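So you can see what is in the structure, the chains are spelled out below.
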Amino acid sequence: AQSVAQPEDQVNVAEGNPLTVKCTYSVSGNPYLFWYVQYPNRGLQFLLKYITGDNLVKGSYGFEAEFNKSQTSFHLKKPSALVSDSALYFCAVRALNSGNTPLVFGKGTRLSVIA
Amino acid sequence: DGGITQSPKYLFRKEGQNVTLSCEQNLNHDAMYWYRQDPGQGLRLIYYSQIVNDFQKGDIAEGYSVSREKKESFPLTVTSAQKNPTAFYLCASTPITGPGDYGYTFGSGTRLTVV
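These protein sequences, in sequence, are chains A and B. Heads up: the first sequence is residues 713 to 827, going by the working numbering. Heads up: the second sequence is residues 7 to 121, going by the working numbering.
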């Protein structure tokens, strides 16, 4: 079975500081990994994905994520946080060669960037 | 512009009443999904469909029903058997272009409240 863990319900960071939102996963075989962001009362927006290739993936709005196979992690990072980055962030996973099974999402991490 | 339209944005249901949430996409996507979002629980899969006239149950299908008579439409009915329907409902779609190298496009959601 596939699963995603986002160990922090809430992350607080000062504007201009680097931010990290953590994600670990469990799948059989190689994973496809995704990060999405959600603003209040809106749907989720795609940020970035890891399929294969370089372990450091760059995405929208200056975000990046690092895939670490040995630690089964896919942490979201940004070098300098903005107040506008405050939102709910979701990590999602599905297994390679699992057909077209749906993505499994984590419970979300609320990021608060303080001016 | 292409996208997914969910309607209505807000919906109120009386006890014992069935209600239907609309999801329409003009992206020519093959697969469509319904997720339920509750605070602190992330996104949980209700139903999904990868082709017209076919759909599969997700993790929390009890009390819900769907149909997929047209490629662009995937309505969700919340029946009276769903005892705790108050939640934010999200519809998503994706093309099936390969074994996982895609992301989901989400609608803006419907907030359902039992009154």
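You may find that some hints are simply not true.
Cross-link-like lysine to any residue pairs, in silico, SDA-like; alpha carbons within 20 Å at most [to be verified]: (1) B/K15 x A/P752; (2) A/K819 x B/I102; (3) B/K15 x A/Q757; (4) B/K15 x A/Y751; (5) B/K15 x A/N753; (6) A/K761 x B/E78; (7) A/K734 x A/E776; (8) A/K819 x B/P45; (9) A/K819 x B/R74; (10) A/K770 x B/I66; (11) A/K819 x B/P101; (12) B/K63 x A/S715; (13) A/K819 x B/Q23; (14) A/K819 x B/S73; (15) A/K761 x B/I102; (16) A/K781 x B/A37; (17) B/K77 x A/N812; (18) A/K781 x B/A67; (19) A/K770 x B/K63; (20) A/K789 x B/S55; (21) B/K15 x A/R754; (22) A/K781 x B/Q47; (23) A/K761 x B/V25; (24) A/K761 x B/I66; (25) B/K63 x A/K734; (26) A/K789 x A/A713; (27) A/K761 x B/G64; (28) B/K63 x A/R754; (29) A/K734 x B/F94; (30) A/K819 x B/K77; (31) B/K63 x A/N753; (32) A/K734 x B/P45; (33) A/K819 x B/D44; (34) B/K63 x A/T813; (35) A/K819 x B/R117.
It should be emphasised that the hints constitute simulated quantities derived from the structure, not laboratory data. Nothing here was measured: the structure is a model prediction, and the numbers come from that model.
Now the hints, each set against the structure:
1. B/K15 x A/P752: Within the cut-off at roughly 13 Å; holds.
2. A/K819 x B/I102: Roughly 25 Å separates the two Cα atoms, so the pair is violated.
3. B/K15 x A/Q757: Holds - the C-alpha atoms of A/Q757 and B/K15 are around 17 Å apart, at most 20 Å.
4. B/K15 x A/Y751: holds (15 Å)
5. B/K15 x A/N753: holds (9 Å)
6. A/K761 x B/E78: violated (25 Å)
7. A/K734 x A/E776: holds (12 Å)
8. A/K819 x B/P45: Holds, at about 9 Å.
9. A/K819 x B/R74: Distance of about 28 Å is beyond 20 Å: violated.
10. A/K770 x B/I66: With Cα atoms ~34 Å apart, A/K770 and B/I66 exceed 20 Å; violated.
11. A/K819 x B/P101: violated (25 Å)
12. B/K63 x A/S715: holds (18 Å)
13. A/K819 x B/Q23: violated (29 Å)
14. A/K819 x B/S73: violated (27 Å)
15. A/K761 x B/I102: holds (16 Å)
16. A/K781 x B/A37: violated (29 Å)
17. B/K77 x A/N812: holds (17 Å)
18. A/K781 x B/A67: violated (33 Å)
19. A/K770 x B/K63: violated (34 Å)
20. A/K789 x B/S55: violated (33 Å)
21. B/K15 x A/R754: holds (10 Å)
22. A/K781 x B/Q47: With a Cα-Cα distance of about 26 Å, the restraint between A/K781 and B/Q47 is violated, given a limit of 20 Å.
23. A/K761 x B/V25: Cα-Cα ~35 Å, so violated.
24. A/K761 x B/I66: Outside the cut-off at roughly 26 Å; violated.
25. B/K63 x A/K734: violated (30 Å)
26. A/K789 x A/A713: violated (27 Å)
27. A/K761 x B/G64: Status violated; Cα separation ~23 Å.
28. B/K63 x A/R754: violated (24 Å)
29. A/K734 x B/F94: Not satisfied, since the Cα-Cα distance of roughly 24 Å exceeds 20 Å.
30. A/K819 x B/K77: violated (30 Å)
31. B/K63 x A/N753: Roughly 26 Å between the alpha carbons, so the hint for B/K63 and A/N753 is violated.
32. A/K734 x B/P45: OK: A/K734 and B/P45 at ~19 Å, within 20 Å.
33. A/K819 x B/D44: Judged against 20 Å, a Cα distance of about 9 Å means the pair holds.
34. B/K63 x A/T813: holds (12 Å)
35. A/K819 x B/R117: Roughly 18 Å separates the two Cα atoms, so the pair holds.
The structure fails to meet hints 2, 6, 9, 10, 11, 13, 14, 16, 18, 19, 20, 22, 23, 24, 25, 26, 27, 28, 29, 30, 31 from the earlier list, while all remaining hints are met.
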